[in-house]
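Protein chains: 2
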Amino acid sequence: MVTKYTFGVPPMTEAVVVPQPSFSGMPTPFSVKEEEGKRVFSYTLGKDDLVFGLGEQMRGINKRGWIYDNWNTDDPIITEGRTSLYGAHNFILVFGEKTFGAFFDSPARVVFDIGYTDPDELTVTCGDVDVYIVEGDSAKEIVREFRRIIGSSYVPPKWAFGFAQSKWGYKNEDDVRAVWKGYRENGLPLDMIYMDIDYMQDYMDFTVNKERFPDLTALAAELKADGVYLVPIIDAAVKAKEGYHVYDDGLEKGYFCTDAEGKPFTVAVWPGESVLPDVLNPAARLWFGAQYKVLLDQGIEGFWNDMNEPAIFYSKDRLREAIVYAAGELGKDLDTDAYGALTGKFYTLANSMEDYNSFYHNSVDGRHVHAEVHNLYGYNMTRGASEYFDIYEPDRRYLLFSRSSYIGHHRYAGIWTGDNASWWSHLKLNLAMMPGLDMCGFLFAGADLGGHGGNTTEELMLRWLAFGIFAPLFRNHATQYARDQECYAFKNIGAFRSILNMRYAILPYLYSEFVKCAKSGEMLSRPVVFDYPEDARARTVEDQLMIGASIMIAPVMEQNAKGRYVYVPARMKMIRLKKGGNAFSERIVEKGDYYIEVPLDEIVFFLKEGAVMPLAKPAKNVASLDETNLRWLKFIEEPVEYEICRDDGFTKSSLSNFEKIKVEP
Amino acid sequence: MVTKYTFGVPPMTEAVVVPQPSFSGMPTPFSVKEEEGKRVFSYTLGKDDLVFGLGEQMRGINKRGWIYDNWNTDDPIITEGRTSLYGAHNFILVFGEKTFGAFFDSPARVVFDIGYTDPDELTVTCGDVDVYIVEGDSAKEIVREFRRIIGSSYVPPKWAFGFAQSKWGYKNEDDVRAVWKGYRENGLPLDMIYMDIDYMQDYMDFTVNKERFPDLTALAAELKADGVYLVPIIDAAVKAKEGYHVYDDGLEKGYFCTDAEGKPFTVAVWPGESVLPDVLNPAARLWFGAQYKVLLDQGIEGFWNDMNEPAIFYSKDRLREAIVYAAGELGKDLDTDAYGALTGKFYTLANSMEDYNSFYHNSVDGRHVHAEVHNLYGYNMTRGASEYFDIYEPDRRYLLFSRSSYIGHHRYAGIWTGDNASWWSHLKLNLAMMPGLDMCGFLFAGADLGGHGGNTTEELMLRWLAFGIFAPLFRNHATQYARDQECYAFKNIGAFRSILNMRYAILPYLYSEFVKCAKSGEMLSRPVVFDYPEDARARTVEDQLMIGASIMIAPVMEQNAKGRYVYVPARMKMIRLKKGGNAFSERIVEKGDYYIEVPLDEIVFFLKEGAVMPLAKPAKNVASLDETNLRWLKFIEEPVEYEICRDDGFTKSSLSNFEKIKVEP
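Each protein sequence line maps, in turn, to chains A and B. First residue of the first sequence? That's 21 in the numbering used here, and the numbers climb one at a time after it. First residue of the second sequence? That's 21 in the numbering used here, and the numbers climb one at a time after it.
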């Protein structure tokens with residue numbers, strides 16, 4: 021059951037698609053007060069209560085013990101002290117003495133203090149807001165109920181579940197072909213190669229540099245013939261350059277965000293001075309989406325949307341101010357305060373609140389200063405593309421995901437969790453985010469495997485992939501400053517081949533479970549305690565997940581580890597996949613604690629009692645996967661039926677084609 | 021056995037005090053080649069070899085799988101991607117197919133690639149260097165042998181083993197008294213309060229701001245009467261201000277580092293423009309040490325030396341260059357490269373190689389550009405103070421520790437591990453560094469408990485203290501920007517009281533073991549595998565330590581954890597300390613894996629078979645600790661003797677006073 025309480029007049033977010041009657045008064049079990057013009061919702065946590073949710077956010081699966089400031093932020097130095105990331109997913113699920121969900125639907129800043137200031141107090145601080153209290157008999161039911169009102173989740177084409185190689189730094193056709201060859205020549209599977217900002221002409225969206233990519237249509241076709249899709253990046257900001265058709269056209273139509281006086285607001289991002297499409301204006305949104313046509317027409321079927329928090333490197337006025345300030349300090353003996361003030365002028369140029377308070381949107385519900393609706397930007401930029409795809413070819417599923425997002429976005433596209441780093445802690449963070457994202461509808465999600473910033477290691481890359489095979493978005497991506505981290509760039513290519521192949525072996529399971537969950541509102545990745553709510557030990561499990569109906573995973577996430585401890589909450593069958601999924605061993609394990617060894621080229625997971633899981637032979641890409649001759653992992657005593665998705669892989673209408681397969685013990 | 025090989029003419033470091041004959045030729049088992057003017061030492065690691073050592077460095081106890089760039093660096097954002105910290109401790113111990121130690125004695129940059137570029141290769145890259153190959157029958161013996169040639173470790177006064185509260189932000193006498201009261205009124209033990217840079221006049225070393233600290237002598241005496249010592253900070257750089265006696269005197273004597281033309285080299289640090297005492301010149305070093313007299317005369321008996329990498333905020337010329345460059349960009353449309361170039365001018369001002377290559381030392385072995393001897397600076401600044409203390413009162417032990425260090429430093433003082441952050445990962449890093457530091461002679465060491473930068477949480481603070489009670493330096497320290505993290509600033513003060521009291525309960529053990537290890541060259545904190553070298557599982561234990569002769573610790577280091585897994589490598593007695601050490605329970609555990617629950621106010625550790633451990637009643641400070649009526653934790657079947665240190669707590673000469681106590685089963 022959902023009860024909606026409205027406080028003030030929150031800007032429209034369209035996060036919720038099943039209209040709810042709105043109440044005023046106390047959103048039980050929270051109490052409310054006003055403080056410094058903000059609303060503060062409070063709830064006293066039980067001693068052992070857990071708090072789940074918040075999607076893309078810091079810390080563990082259980083969010084208790086930290087403060088979270090949901091304000092979409094482009095800052096790649098994601099240390100433990102951070103409180104904001106690239107997405108704002110304002111849903112929490114309190115699990116304990118009382119179990120309930122709460123969605124704070126406000127596109128401005130929302131701060132969740134979950135036992136940070138006071139270990140026993142949960143407070144949520146925000147401006148005008150719709151609060152949805154979600155009740156149900158179990159955590160799973162609460163999530164289903166929440167997912168019901170926010171609408172069902174985006175499903176990409178099936179090839180998007182293959183393995184993807186990406187890097188900021190593939191500068192031309194030869195670089196792209198070298199990656200393709202690198203995978204194929206080493207017998208490594210591959211379904212996608214991503215193109216980062218270098219394919220564009222001067223970082224202008226919807227252009228292609230003709231010198232470095234003389235014939236994108238031909239290149240896309242050449243790769244697609246081998247089952248490899250090219251996936252270009254699209255940035256939020258549009259270069260402010262006369263003669264650039266997107267700029268000229270948008271300017272004429274009045275589709276860019278404006279300053280207080282109604283003139284286009286200039287920010288600087290990759291291409292230098294730029295303007296921001298006003299994607300909160302439905303006409304401008306669709307207009308921006310329609311720009312994707314130029315790439316669709318060249319055979320492109322997938323896109324990733326970036327810099328759409330929106331990220332701002334600097335604005336013209338504030339840069340001028342900083343330079344003028346610096347000039348005034350020339351020749352002075354600066355003490356630490358004066359020096360801090362000077363460098364601070366430059367350090368704080370990016371993503372400043374001053375800028376976010378200086379431009380405006382013409383939204384459906386009126387003119388809003390950006391800061392009031394900040395967290396909706398990436399969502400609506402991405403929605404624009406999705407809305408246009410529905411026009412371009414209505415029944416076709418395109419690959420589309422974004423860096424920034426808000427709840428609602430999950431209906432149109434997926435997300436990646438932004439610019440992480442090659443740190444073991446970010447592998448753990450990747451795992452910890454998955455169930456929170458799932459609760460908020462983001463099923464097609466994943467992190468940059470191996471880590472985006474900094475240098476990875478062979479071991480980290482392998483362990484990260486071994487977790488990543490269970491995440492819908494399975495992409496290796498890094499910056500141009502990082503060491504090469506394509507799987508063939510390492511020494512033990514055999515281990516990489518084994519792990520990548522396993523992804524394809526489990527793909528029939530992962531894909532079928534994904535499609536079922538997208539339709540039903542069930543969770544694909546769940547905290548272990550959701551399946552074993554009465555198990556006290558399961559409450560504290562932070563490094564294992566339930567994936568789909570049948571299995572529990574327990575990846576190795578420590579450097580130099582030969583294995584790891586696993587808590588098995590009920591009798592299960594331990595499966596050890598070997599040799600790319602071509603071989604496996606199994607062993608029944610009783611409820612309890614285990615130390616398991618996991619070599620770098622193997623994967624261990626656990627099959628629930630009564631469950632089965634299909635396993636395919638590995639393939640070089642999704643297109644060549646043989647799903648007729650499936651093997652079955654099973655822990656059953658009676659025959660069971662397993663529903664496997666038999667869609668065509670790319671149309672929406674075929675998504676309901678399921679085959680029920682009877683599996684004998 | 022130690023064999024020394026000399027390559028080129030490395031600057032004198034005085035790291036090794038037992039002279040060794042010098043050989044030329046291949047430092048077996050390494051091979052050597054020259055590459056780009058550097059020497060590259062290589063060793064192929066066995067598949068399961070572990071590599072220990074490197075003291076204050078990143079990653080785990082086992083250093084394999086990363087690259088380490090030993091170059092003392094002031095940068096408090098200590099992410100997993102970092103390769104340099106505040107200290108350079110160039111000793112490694114390879115443990116496996118061959119077990120041996122190697123010390124690369126060079127005060128310039130030394131890079132250890134330990135299976136990063138190639139998982140199986142260890143390479144060490146540096147300039148001129150003395151390489152010491154250390155052999156022995158076991159890891160422990162190799163460490164003893166290395167510690168023998170580098171000389172025995174510093175022992176502080178006994179009160180320095182008490183609990184210390186520190187914060188950058190105690191601005192005046194009232195702030196200091198409020199901390200003292202906060203601890204005493206809440207029944208929390210305390211032995212020290214630290215004074216950060218705010219006690220000085222305009223950040224000038226050896227001055228006291230008379231407005232905020234009108235009578236330091238009286239304040240120090242008032243606190244000392246309650247067993248609380250005031251410990252001021254000393255910075256490396258001296259404000260360049262005429263009329264400031266330290267500056268005037270040093271200038272006259274020619275004791276500051278100079279530029280290429282022999283003029284004092286100006287850098288900016290806290291006080292603005294400053295000069296660097298040339299602590300590599302023995303006369304200048306002792307002169308700088310003699311400056312501490314002004315504080316010793318006011319009753320101060322302990323100091324911490326900071327900013328001695330040496331940290332440089334900016335140099336005059338490069339700041340001017342940055343400002344002029346910025347002015348040239350005024351009004352331009354900067355694309356991402358141009359913008360990066362502009363902000364880069366400011367981002368790279370601090371600690372630049374250009375500056376480190378621009379000033380010189382008059383060392384005993386001649387004039388050196390700073391970059392050639394960089395890693396010796398903190399060591400020699402600190403040595404100067406120690407050398408002066410020997411003159412001021414020869415038999416007295418003073419508390420002295422430093423941020424930056426090099427091997428050799430351990431004979432004169434301790435270290436703290438620099439400006440960490442309030443991250444769970446830094447609690448783990450704290451544990452991981454301890455055995456590496458120990459191998460290099462740094463027994464008096466510890467991290468800023470609770471974390472220095474950023475905001476801690478009550479749970480992190482408690483768990484960190486619960487580990488910290490086993491580290492010799494036991495100090496809570498934070499920046500002025502952090503939330504209050506004094507133990508009385510949290511909700512569950514009872515839990516803090518319990519944990520702090522436990523430190524005092526185990527202090528007779530920790531102190532006795534410390535003094536024994538400082539004299540014998542035994543390790544106080546050891547990897548578990550050092551005690552159980554034949555145990556394959558013990559090789560991968562990264563979150564437990566052996567502490568002293570009798571115990572193994574296994575602290576909880578995960579947020580929201582109720583307990584943790586422990587690998588018990590042999591039959592042991594599990595001890596659960598409760599109620600501040602006033603109570604405990606015990607249970608014999610066989611070799612194997614355990615999940616143990618550990619509430620926030622308890623500590624669990626493991627007593628080895630055949631071992632005993634004294635336990636005192638908690639006390640409000642070290643001075644009031646009753647060490648005559650000891651209780652004993654014991655896991656023995658026969659009587660054993662335990663040697664307990666019975667020194668007076670502050671003289672060097674009394675350090676050999678041990679009492680042998682016979683403990684009955």
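Worth flagging that the hints you see were computed from the coordinates, not collected in a lab. Please read these numbers as outputs of a predicted model, since none were measured by experiment. Incorrect hints may have been included.
Note that identical chains are pooled: a pair holds if it fits in a single copy or bridges any two copies.
[Said to hold, decoys possible] Derived PhoX-like pairs (lysine-lysine); straight-line CA-CA distance at most 25 Å: (1) K628 - K511; (2) K352 - K365; (3) K230 - K593; (4) K582 - K611; (5) K53 - K118; (6) K160 - K611; (7) K511 - K118; (8) K313 - K536; (9) K582 - K118.
As a check of your reading, is K628 near K511 (CA-CA no more than 25 Å) within one copy, between copies, both or neither?
neither (36 Å within a copy, 42 Å between copies)
Up to 25 Å between alpha-carbons, please classify K160 paired with K611: within, between, both or neither.
within (22 Å within a copy, 40 Å between copies)
Homomeric proximity label, K582 with K118: Cα distance no greater than 25 Å:
between (40 Å within a copy, 20 Å between copies)
Within a copy, between copies, both or neither: where do K582 and K611 come within 25 Å Cα-Cα?
Intra 22 Å, inter 19 Å, cutoff 25 Å: intra and inter.
Between the shortest in-copy and the shortest cross-copy C-alpha distance, which are at most 25 Å for K53 and K118: within, between, both, or neither?
Answer is within: at 21 Å inside a copy they meet the 25 Å cutoff, but 67 Å across does not.
Is it within, between, both or neither when you check K230 against K593 at 25 Å Cα-Cα?
Result: close neither inside a copy nor across copies, 55 Å intra and 73 Å inter.
What label fits K511 with K118 when the C-alpha limit is 25 Å: within, between, both, or neither?
Close across copies (23 Å), not inside one copy (52 Å); limit 25 Å.
My question is about K313 and K536: at a cut-off of 25 Å on alpha-carbon distance, are they close within one copy, between copies, both, or neither?
neither (31 Å within a copy, 76 Å between copies)
Up to 25 Å between alpha-carbons, please classify K352 paired with K365: within, between, both or neither.
both (17 Å within a copy, 17 Å between copies)
The earlier numbered hints that this structure contradicts are 1, 3, 8.
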